[in-house]
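One letter stands for each residue in the lines below.
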Amino acid sequence: MALLKVTSPHATGPMSTQRLMQLVLLATIPGVLALTNYFGWGTLVNIIWACLVAVAAESLALMLRKRPISFYLNDCSALVTAVLIGIALPPYSPWWLIFVGVSFAILIAKHLYGGMGYNPFNPAMVGYVVLLISFPVEMTMWAAPKGAFVGSLPSIADALGALFMGRDSIAAFSIDGITMATPLDVLKQNNSLMVSDIWAQNAQFGHWAGIGWEWVNIAFLGGGLFLLWQRVFTWHAPISMLIALSVMSALFYDGGSSASGGSPLFHLLSGATMFGAFFIVTDPVTSAVSNKGRIIYGASIGILLYLIRVWGNYPDAIAFSVLLMNFSAPLLDYYTRPRTYGHQPAKKPKGGS
Amino acid sequence: MRKVWDIHGGVHPEENKQQSNQQAISAAGIPEVLVLPLSQHIGAPAEAIVNVGDKVLKGQCIATAKGFVSVPVHASSSGEVIAIEDRVIAHPSGMSAPCIVIKTDQQDQWIEHNGIEDYSSLEKKALLNLIREAGIAGMGGAGFPAAVKLGVRDDQPIDTLIINGTECEPYITADDMLMRERAEQIIEGTKILRHLINPSEATLIGVEDNKPEGIAALQKAAEGTGIEIVSFPTKYPSGGEKQLIQILTDKEVPAGGLPAQVGIVCQNIGSVVAIYRAIKFGEPLISRITTVTGYACEQQKNLEVLLGTPVNYLLQQCGFNPKNCSRLIMGGPMMGFTLENTDVPVVKTTNCILAPTAKEIAPPTPAQACIRCGLCAEACPASLLPQQLYWFARGKEYEKLEEHNLKDCIECGACSFVCPSNIPLVQYYRASKADIRQRDLDAKNAEHAKIRFEARQARIERLEAEKIAKREARKAAAQAKAASASDDKTAKVDAVQAAIERAKAKRAGNTDDKPTRESLEQALASVEKRLASAKEKLAQAQQQNSDKVAAFETGVEKTEAKYQQAKQTLEQFIAANTTKENHQSNTETSADNSNDAAQQAIARAQQKRANKVELSPREKAEQAISSLQKRIEKTQQKLDIAKAENSDKLAIFEDSVKGLQDKLLAAEQELAKLPAAEQTPETVASENPAAKTKTAKQPVAGDDVVQDVIAQAVAKRAAFSSMSDQERLQNAVDSITKRIEKAQDRLAKAQAEGSDNTEILAESIDKLTIKLSDAKAALTEKAQH
Chain Z
-6 MALLKVTSPH ATGPMSTQRL MQLVLLATIP GVLALTNYFG WGTLVNIIWA
44 CLVAVAAESL ALMLRKRPIS FYLNDCSALV TAVLIGIALP PYSPWWLIFV
94 GVSFAILIAK HLYGGMGYNP FNPAMVGYVV LLISFPVEMT MWAAPKGAFV
144 GSLPSIADAL GALFMGRDSI AAFSIDGITM ATPLDVLKQN NSLMVSDIWA
194 QNAQFGHWAG IGWEWVNIAF LGGGLFLLWQ RVFTWHAPIS MLIALSVMSA
244 LFYDGGSSAS GGSPLFHLLS GATMFGAFFI VTDPVTSAVS NKGRIIYGAS
294 IGILLYLIRV WGNYPDAIAF SVLLMNFSAP LLDYYTRPRT YGHQPAKKPK
344 GGS
Chain F
179 MRKVWDIHGG VHPEENKQQS NQQAISAAGI PEVLVLPLSQ HIGAPAEAIV
229 NVGDKVLKGQ CIATAKGFVS VPVHASSSGE VIAIEDRVIA HPSGMSAPCI
279 VIKTDQQDQW IEHNGIEDYS SLEKKALLNL IREAGIAGMG GAGFPAAVKL
329 GVRDDQPIDT LIINGTECEP YITADDMLMR ERAEQIIEGT KILRHLINPS
379 EATLIGVEDN KPEGIAALQK AAEGTGIEIV SFPTKYPSGG EKQLIQILTD
429 KEVPAGGLPA QVGIVCQNIG SVVAIYRAIK FGEPLISRIT TVTGYACEQQ
479 KNLEVLLGTP VNYLLQQCGF NPKNCSRLIM GGPMMGFTLE NTDVPVVKTT
529 NCILAPTAKE IAPPTPAQAC IRCGLCAEAC PASLLPQQLY WFARGKEYEK
579 LEEHNLKDCI ECGACSFVCP SNIPLVQYYR ASKADIRQRD LDAKNAEHAK
629 IRFEARQARI ERLEAEKIAK REARKAAAQA KAASASDDKT AKVDAVQAAI
679 ERAKAKRAGN TDDKPTRESL EQALASVEKR LASAKEKLAQ AQQQNSDKVA
729 AFETGVEKTE AKYQQAKQTL EQFIAANTTK ENHQSNTETS ADNSNDAAQQ
779 AIARAQQKRA NKVELSPREK AEQAISSLQK RIEKTQQKLD IAKAENSDKL
829 AIFEDSVKGL QDKLLAAEQE LAKLPAAEQT PETVASENPA AKTKTAKQPV
879 AGDDVVQDVI AQAVAKRAAF SSMSDQERLQ NAVDSITKRI EKAQDRLAKA
929 QAEGSDNTEI LAESIDKLTI KLSDAKAALT EKAQH
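Chains as they are written, first to last, in the numbering used here: chain Z, -6 to 346; chain F, 179 to 963.
Mixed in with the good hints, there may be bad ones.
What the hints assert, rightly or not - Taking CB as the label site, the calculated pair distances span: (1) Z:Q337 - F:Q334: 12 to 22 Å; (2) Z:Q337 - F:Q287: 52 to 62 Å; (3) Z:F320 - F:L619: 33 to 43 Å; (4) F:A636 - Z:F320: 51 to 61 Å; (5) Z:N306 - F:E192: 25 to 35 Å.
Calculated from the structure, these hints are not laboratory results.
Just so you know, even glycine gets a beta-carbon here, dropped at the ideal spot from N, CA and C.
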């Protein structure tokens, strides 16, 4: 009888990395559905194409690094990166845009740094920022939401056509008003109107924020709460980020004047706020590790997000804020070590290295 | 209800306790062979006091505690000791250790033992000793000697006594069953401990709320005793001593400290029962309750097992099916270790034998990359950052590990349990802890070796210094002895000082092994003498036409060669020293150096003079007479021998005796001539240092010369130091020119006489010429500047 020699503990918890990733993928469904509902098939087509590219890029990288391909592909981390990029990119993006973004994220931002668990920057956000800087026109062509323009959304065929041949060759995209500035854009460009006037004059504003956007954000919030319930991550980073953003927008609301940055609710439900809070900020690999550290990490992202949205050059800023805080995560780790049992008070980190 | 606190982290693994807690405790029976390891506890192993072949009775002490942190071992049943040897023991590494093997006789015959009716009449020390003698070690898992833990110092007042009935590990129900069935014994044992510890505040028994029957039984038994049964929410690892203390008192045991420091003593429920039996019945610890569980066994139950029972004996009783077993574990699924060999005996700390199926505990899966999800940090009961520790452990960054308090890890396994990437975190920590321990040990050893080396070095230096000091002292003493020929104390002091000065100068100049001009001259003189005497002997031999002429001739030749050699060495030395002087004259330090040399010379001269001054002419004459007398005696003796042998040398000896006698006569006459009055100023002078120089000049003619030389040397030195470089060089050139002239004169003489020295002289002239040209070149160079 051959008895195994294994170290303790012998019992293992139910959670696995693969399951964590699958839960994240599962939690994006409400948000993706909302996006599809308001902006058409574009996002779904983005996601599928991004996943294909991601699997190919991941396999290539693993092959070059001489790692077991199926073992690593099974952890689903490449799919998560792909889905996140697919959601972040404007619907009906051309194939090469997605291809460049996803390959950069997987090959450069992930595998060049050592692969899963070793990347200091969120790969999806690196891919996104590379595209945003390199192809600003394509990256800001957001489709107008259903209800903000007259006419119907493009069909699946139109979406596929846009993907592979470009929008210009598809008739559905020639309609005037099919692309429209996002509410964040509008508010950013404004310098004379009261907030209430903006609401009255622009078709893309809904109850609390932009038409469609508010529901997309609420859907992502739902997905995030599901993950929180599943204990995929702790509340510290996302909630502190949302609170920081609310506090910032409340401070600079200015009673809805022409200099107002927008209400807290508007900011919470605009752009990629909820998507960022629950799907980007919570990326464990690139965030701070202690709970205290995560609170600072999340809050800093919330503050940066508001600063860039209102006074920066870009209408939305999840990617930049997250990448900036990825830089400081090791520093946060260093200064936010929890107090160990039996140590009174917490051991102060020693100076230097 | 007493307030309880929560601990940080913790996990909720599947409990699986219902598997084994359905049946009452049953006796496992007596196996054929009992294997009792000498080390079943933390601390020094016990020492066997039985021999192979001895008959032992149940409860007989077979190995005694060796040291303070140690406990004895007792025979669990009666039988015969058949071996004392290394056997595989219950250890994660599967290692072997010394065991006493007993072949049981199935009689199970007890040794005579008596309990104590009224333990409260016993002193604390006596009680502790009973507990110690009963071989009781913590039965919860670590196996720390109970008596050591209970022997709290008087300066550490204890406010709370905690009995640990938590049993937080999944599967294990040994303590649960003990509570259900033997609650009275637990309470009685607790009373004993309460009497021993005398806690000022409370005596608590902590039990997780997943054992309602056990809690109820304890509560019933504890009624009216003042012992509180505290239940708290089930969570692993609440049963860790530190965690239980936090749950029940909200106190934290300081890092690296003991519970007693926060006024708490903790004991396992199983140990409490063992203590009760030891005091009440005088029974040592020879059995324990062990849970045998897991679905690879047909029946899962709690067995009362004799210590030393092989695991396979228990497995057989429970219908163990190895085919279904994914791994065999001693202990629980969280902290237990796997067994590769079922011959391993049950020991004092064995609370469970777990034989799970693959469905219960899956075969290990390969570890994936750490995604820093932080679930481990959430689960850690010590509030560590396991993912960071893992990172540092992999990088072997031991300082970082220590900075992140790796030492506070209790190895509960909660982090590994929650890790989604299946990383064996605890194993990394164990290995790192061992590495750090080894590193600290190495550092300590290195430090020790360094200290020893330095001490040795210091000792050697000290001995060397002592040796030198002794040598100096001896030298000084010898000189002092020489000086003490007269009563002149000052001279003695002078001599000693001179010796010291010489020694100093020698050391400063580091000229220890180099010959001095003096020594060379002396050597030359002695060789010259020997040559002369040899030549004389040769002449005599030739006169007498002796057989030994040839021998004498070769002797003379040899001596001549030696003489030439000595002369050459001296000349070379002189030549070399002159070069040195020339060279020195070009350097800044030359003045100082020559100063030293001059002073030395002065000191030497003064000392010589002093030595001579010490001897008055009368004394000298007396010495000469005595020495002559001695020589005459010796020669007379030789003459006698020669006469007896009828030697050829008879005439020679007769002659020499005559000569010596003449000399003696002359010396005696001289002595008689010396005026008696002369002694008076001598003694006065020696006692009056001021007058010394004056009087010293009188008796010895050579003294004036010495004084003159000194005066000259002093003048020269003064002149030398006042001279400019150019003047010095000019001086050197002049002196070399003079020397060349002298040497040429000597050469001419030598050539005229046909001497052997011609060549040497010619050579030295060549050398001097070279020196002269060098000196001239240096001079012109200086002049140009």
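Has the hinted range 51 to 61 Å been met by the Cβ atoms of A636 (chain F) and F320 (chain Z)? 55 Å, holds
Between Q337 (chain Z) and Q334 (chain F), is the Cβ distance one that fits in 12 to 22 Å? 18 Å, holds
Against the range 25 to 35 Å, how does the distance between the Cβ atoms of N306 (chain Z) and E192 (chain F) compare: consistent or not? The hint (25 to 35 Å, Cβ to Cβ) is violated, given that N306 (chain Z) and E192 (chain F) are roughly 54 Å apart.
Range first: 33 to 43 Å. Now tell me if the beta carbons of F320 (chain Z) and L619 (chain F) are that far apart. Because 41 Å falls inside the window, the suggested range holds.
Quick check: does the Cβ-Cβ distance between Q337 (chain Z) and Q287 (chain F) fall within 52 to 62 Å? Check passed, 55 Å falls within 52 to 62 Å.
When held up to the earlier numbered hints, the structure conflicts with hint 5 and nothing else.
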